[in-house]
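Undergrad: These protein sequence lines map, in sequence, to chains A and B.
Numbering of the first sequence is given in the working numbering, commencing with residue 1 and proceeding in unit increments.
Numbering of the second sequence is given in the working numbering, commencing with residue 1 and proceeding in unit increments.
None of these hints come from the bench; they were simulated from the model.
The structure presented is a predicted model; accordingly, all values stated were derived computationally and were not measured.
Treat each hint with caution, since some may be false.
Quick list of simulated restraints, FRET-style, between CB atoms [stated by the list, open to error]: (1) A:Phe329 / B:Gly440: 39 to 47 angstroms; (2) A:Ser317 / B:Thr347: 46 to 54 angstroms; (3) B:Gln51 / A:Glu448: 51 to 59 angstroms; (4) B:Lys465 / A:Glu52: 48 to 56 angstroms; (5) A:Asp54 / B:Ser326: 53 to 61 angstroms; (6) A:Asn373 / B:Asp128: 37 to 45 angstroms; (7) B:Glu412 / A:Arg312: 33 to 41 angstroms; (8) B:Ser434 / A:Glu143: 49 to 57 angstroms.
As a list, the in silico BS3-like pairs of lysine-lysine whose alpha-carbon atoms are at most 27 angstroms apart [what the hints assert, rightly or not]: (9) A:Lys287 / A:Lys330; (10) B:Lys330 / A:Lys132; (11) B:Lys365 / A:Lys99; (12) B:Lys203 / B:Lys246; (13) B:Lys175 / B:Lys99; (14) A:Lys365 / A:Lys406; (15) A:Lys4 / A:Lys15; (16) A:Lys325 / A:Lys299; (17) B:Lys99 / A:Lys99; (18) B:Lys78 / A:Lys33; (19) A:Lys436 / A:Lys197; (20) B:Lys77 / B:Lys4; (21) B:Lys172 / B:Lys203; (22) B:Lys99 / A:Lys58; (23) A:Lys287 / B:Lys99; (24) A:Lys287 / B:Lys33; (25) B:Lys422 / A:Lys325; (26) B:Lys99 / A:Lys78; (27) A:Lys58 / B:Lys283; (28) A:Lys144 / B:Lys124; (29) B:Lys124 / A:Lys15; (30) B:Lys197 / B:Lys183.
Here are some chain B residues the structure puts well away from chain A; computed CB gaps all over 12 angstroms [as the list claims (entries may be wrong)]: (31) Asn31; (32) Ile37; (33) Glu47; (34) Asp54; (35) Ile107; (36) Leu114; (37) Tyr118; (38) Ser138; (39) Arg182; (40) Tyr218.
Don't be surprised by glycine CBs; every beta carbon is placed ideally from N, CA and C.
Protein chains: 2
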Amino acid sequence: MKNKAITSRDIDFAKWYTDIVTAAHLASYSNVKGCIILEPNGYAIWERMQQELDRMFKETGHQNVAMPMLIPENLMKKEGELINGFAPEVAWVTMGGSKQLEERMCIRPTSETLFSDYYSTVVKSYRDLPLKYNQWCSVMRWEKETRPFLRSREFWWQEGHTVHSSQEEAEKETKGMLNIYRKFFEEYLAIPVVTGKKTESEKFAGADYTLTIEALMYNGVSLQSGTSHYFGQRFSKAYDIKFLNKNNELEYAYQTSWGVSSRMIGALIMVHSDDNGLVLPPKIAPKQVVIIPIGNDEKVMENTNRIYNELRESGISVYIDDSEKSPGFKFAEAEVNGIPVRIEIGTRDLENNKISIVRRDTREKMLEPTDVNIVNYVKGLMKDIQNDLYTKAIERRNNQTYECHKLEEVEEIMKNRPGFVKAMWCGDHECELSMKEIQGTKSRCILENAEHIDDKCIVCGKNAKHLVLWGIQY
Amino acid sequence: MKNKAITSRDIDFAKWYTDIVTAAHLASYSNVKGCIILEPNGYAIWERMQQELDRMFKETGHQNVAMPMLIPENLMKKEGELINGFAPEVAWVTMGGSKQLEERMCIRPTSETLFSDYYSTVVKSYRDLPLKYNQWCSVMRWEKETRPFLRSREFWWQEGHTVHSSQEEAEKETKGMLNIYRKFFEEYLAIPVVTGKKTESEKFAGADYTLTIEALMYNGVSLQSGTSHYFGQRFSKAYDIKFLNKNNELEYAYQTSWGVSSRMIGALIMVHSDDNGLVLPPKIAPKQVVIIPIGNDEKVMENTNRIYNELRESGISVYIDDSEKSPGFKFAEAEVNGIPVRIEIGTRDLENNKISIVRRDTREKMLEPTDVNIVNYVKGLMKDIQNDLYTKAIERRNNQTYECHKLEEVEEIMKNRPGFVKAMWCGDHECELSMKEIQGTKSRCILENAEHIDDKCIVCGKNAKHLVLWGIQY
């Protein structure tokens, strides 16, 4: 039985995606153009993401702060590349109350400028360094199109901004944070990612270089899922962040920034979910288990409460759906919402001393004895689901990754069965532009330390410098 | 020995306050006029507040969501009183990128309009109700003056917005949330509060009525610390939120909203802290215990690590200060930062099998045997500190609360030793305005169900209706 509120993903992927967003009550369009509302189910996933990432950040010595949401135009302009990159897409505040402002301010599209300005006032000596700060907030970019979680004017994210006394330490931070993102995607979201370096034309405005994690969605479209930037001394020179080094000389500081956003919820949908609704990896699901009592005789309620208490006490996030809806409705709702494990407790099963356990990912139903060690069973099952989702995602990603040696191959792939394409590149921007003509194919990242698959650039045939991952992007 | 970076609070309270904010690294002024930066120590306190309140909200059936940060002017204008109340103090976005917007939007000063607009699209039947949503965010009000935590253009808060199928249920929610705030202040912040209802002129723009918790600061100035509003059907009528009730009739819904903000950090400072810096109640302190090893011989480090591990494993938030600073410097720093318990482990004490334990609130130093059950000891000590801070705050508040029967008494008090004044009021706004002429004395709240202390209004002498709490406010 298919959920009627959801278009099949093989028929219309874009429609399927927005159907899931709506049916699972993740987000809603608002009457504020280009902005979405995170509804309880969507926000709860964002909270779980925040919890795990925040723990990982703190374990690696980062501290949270909060910067203003507005940036005066002058402050924004100090670093040339940044303002050029972001000026066309910021929202400008020009009035406070009924008064015209002397200087307009933009709502932060990102906060390098604010952090750098702050660091310039507090950094004096190498003893003050490193400062490793992060903030959780929303930012605003004046996009034209809206696609919930993937692209909207306002989105929620974290932005880490660090300042160091040496290039080596800052570069280590840049790599270290990318590694945390990779780990989070693999271990919590069960999404495999490719890591690499952005090309010059795809890097963050103002960065020396940008590292990225790239994931592949069910439909073969790639999603830039997290980035970590090394700034060198660009911002420290523009914002005058100097410290007295160990030789008692003034030196410009070395900086990084890194971020992931509510876009990750979009990735969860497009990698794991199916025509019956959301599928969530147990390690990130806000609610891991639902118990649905069928009928309300004493034995049903007794077993329901016993199992609920045992699971809850073991730290599993569990709830009972004892609303007045029909069992069938409750099953479908739990499926749409992506609850990883469903336990059905009914009179008939109980007569045979059985309960039913259904896993959301495969929809497989198991009949188990009522005296099964439920905590061990559910923990084992959740581990299996988590692993299976990851394995399935890797297999699909690998099946959709192609090595190409000729442009015609790329064209054939991107037109008929898009995915990741690995191909050699000479390093010229012209060749990137030529690739873009093929269905908008863009470089996702340079695969560093990867074995070259050819000597020549796939576009111009000149000597190749890098093995590059290419894809059609969201 | 007094901390030299901090002005004495009895000499210059305002200067003392900002000295604490700076010396304890709670917040910093930014180059964005009217906006502050929450530094790591300040943000960590805010995170602790969020954790406890968020738990209390969720335990009472509330869910978190995120609404857009912008409000189109038309949406803002639908409820007349609200726009009149907030229009003079909002920031207007008039441009997106390089284009003038067709309709300007304000940065949310509060989000009743956005929640109501959303509720109008999702509420259909009494079966959908109640919806009890909350969001954690920052809001913007174009204030002229800045006082860190107490008043700034941008501040951080939570705003709960709920919608119900009956007046009774909505009023119960309004009272219930006020009660959660009261409990949080008393049990976590160790700050006693007076609860009551705002007068017509002091209530929230657009509310039927506003309930409030009011706290008294060390200098006798009162601080509105949290409010809970009952809206009746005002917003549901303006935003068209109708539901089919049990009689199958369309009915306008009943709404509430309630909020507390980063202002609470200001209250913590002004109620508990002293000339040596911040004093934090252990139940809200991000770091509860610091261990300072003096010297680094084997026995010192052995005991330091043992005690650290024991405390940490018991769930106490503890850290070791093994930086290169001098012990005296570390002691002062722990004091300024308000770490509730300091454990000093030094060679000389250890020769007598002793360690030193210092409580921040009284600065009392205890010598204890090295084999003291450190977990029980510290837990007991933290409980004592928490209780003592609360008792001391209540005593001071009571000593600064006066019953007045004549205006001259109010004048004498507010001029020389301000505090809370209890006095009778006839209910006329004119009399409130007269009180304001006395040092800006304002009604804090109507003390409902309180025994009247007089028959006549303290201002006009006409028949009194209410016992009112008055004060000078932040």
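Undergrad: Hint by hint, note whether the structure agrees.
TA: Against the structure, the hints:
1. A:Phe329 / B:Gly440: 39 to 47 angstroms: 59 angstroms, violated
2. A:Ser317 / B:Thr347: 46 to 54 angstroms: 49 angstroms, holds
3. B:Gln51 / A:Glu448: 51 to 59 angstroms: The hinted range 51 to 59 angstroms is violated for glutamine 51 (chain B) and glutamate 448 (chain A), with Cβ atoms some 40 angstroms apart.
4. B:Lys465 / A:Glu52: 48 to 56 angstroms: 55 angstroms, holds
5. A:Asp54 / B:Ser326: 53 to 61 angstroms: 34 angstroms, violated
6. A:Asn373 / B:Asp128: 37 to 45 angstroms: 39 angstroms, holds
7. B:Glu412 / A:Arg312: 33 to 41 angstroms: 59 angstroms, violated
8. B:Ser434 / A:Glu143: 49 to 57 angstroms: 55 angstroms, holds
9. A:Lys287 / A:Lys330: 15 angstroms, holds
10. B:Lys330 / A:Lys132: 22 angstroms, holds
11. B:Lys365 / A:Lys99: It is violated: about 56 angstroms lies between the C-alpha atoms, which goes past 27 angstroms.
12. B:Lys203 / B:Lys246: Violated. Lysine 203 (chain B) to lysine 246 (chain B) sits at ~32 angstroms, over the 27 angstroms cutoff.
13. B:Lys175 / B:Lys99: 46 angstroms, violated
14. A:Lys365 / A:Lys406: Violated - the C-alpha atoms of lysine 406 (chain A) and lysine 365 (chain A) are around 47 angstroms apart, more than 27 angstroms.
15. A:Lys4 / A:Lys15: Given pair lysine 4 (chain A), lysine 15 (chain A) holds - Cα atoms ~13 angstroms apart, limit 27 angstroms.
16. A:Lys325 / A:Lys299: 20 angstroms, holds
17. B:Lys99 / A:Lys99: It holds: about 20 angstroms lies between the C-alpha atoms, which stays within 27 angstroms.
18. B:Lys78 / A:Lys33: 18 angstroms, holds
19. A:Lys436 / A:Lys197: 18 angstroms, holds
20. B:Lys77 / B:Lys4: 51 angstroms, violated
21. B:Lys172 / B:Lys203: Holds, because 18 angstroms separates the two Cα atoms, which is no more than 27 angstroms.
22. B:Lys99 / A:Lys58: Violated - the C-alpha atoms of lysine 58 (chain A) and lysine 99 (chain B) are around 41 angstroms apart, more than 27 angstroms.
23. A:Lys287 / B:Lys99: It is violated: about 44 angstroms lies between the C-alpha atoms, which goes past 27 angstroms.
24. A:Lys287 / B:Lys33: 43 angstroms, violated
25. B:Lys422 / A:Lys325: This hinted pair is violated, its Cα atoms lying about 53 angstroms apart.
26. B:Lys99 / A:Lys78: 22 angstroms, holds
27. A:Lys58 / B:Lys283: OK: lysine 58 (chain A) and lysine 283 (chain B) at ~20 angstroms, within 27 angstroms.
28. A:Lys144 / B:Lys124: Not OK: lysine 144 (chain A) and lysine 124 (chain B) at ~32 angstroms, beyond 27 angstroms, violated.
29. B:Lys124 / A:Lys15: Answer holds: lysine 124 (chain B) to lysine 15 (chain A) is near 25 angstroms, not above 27 angstroms.
30. B:Lys197 / B:Lys183: 17 angstroms, holds
31. Asn31: 6 angstroms, violated
32. Ile37: 6 angstroms, violated
33. Glu47: The claim breaks: glutamate 47 (chain B) does not keep its Cβ more than 12 angstroms from every Cβ of chain A (closest is about 7 angstroms).
34. Asp54: 9 angstroms, violated
35. Ile107: Incorrect as stated: the minimum Cβ-Cβ distance to chain A is 7 angstroms, not above 12 angstroms.
36. Leu114: 7 angstroms, violated
37. Tyr118: Violated, since 6 angstroms does not exceed 12 angstroms.
38. Ser138: 6 angstroms, violated
39. Arg182: 26 angstroms, holds
40. Tyr218: Non-interface label stands for tyrosine 218 (chain B): nearest chain A Cβ at 26 angstroms, farther than 12 angstroms.
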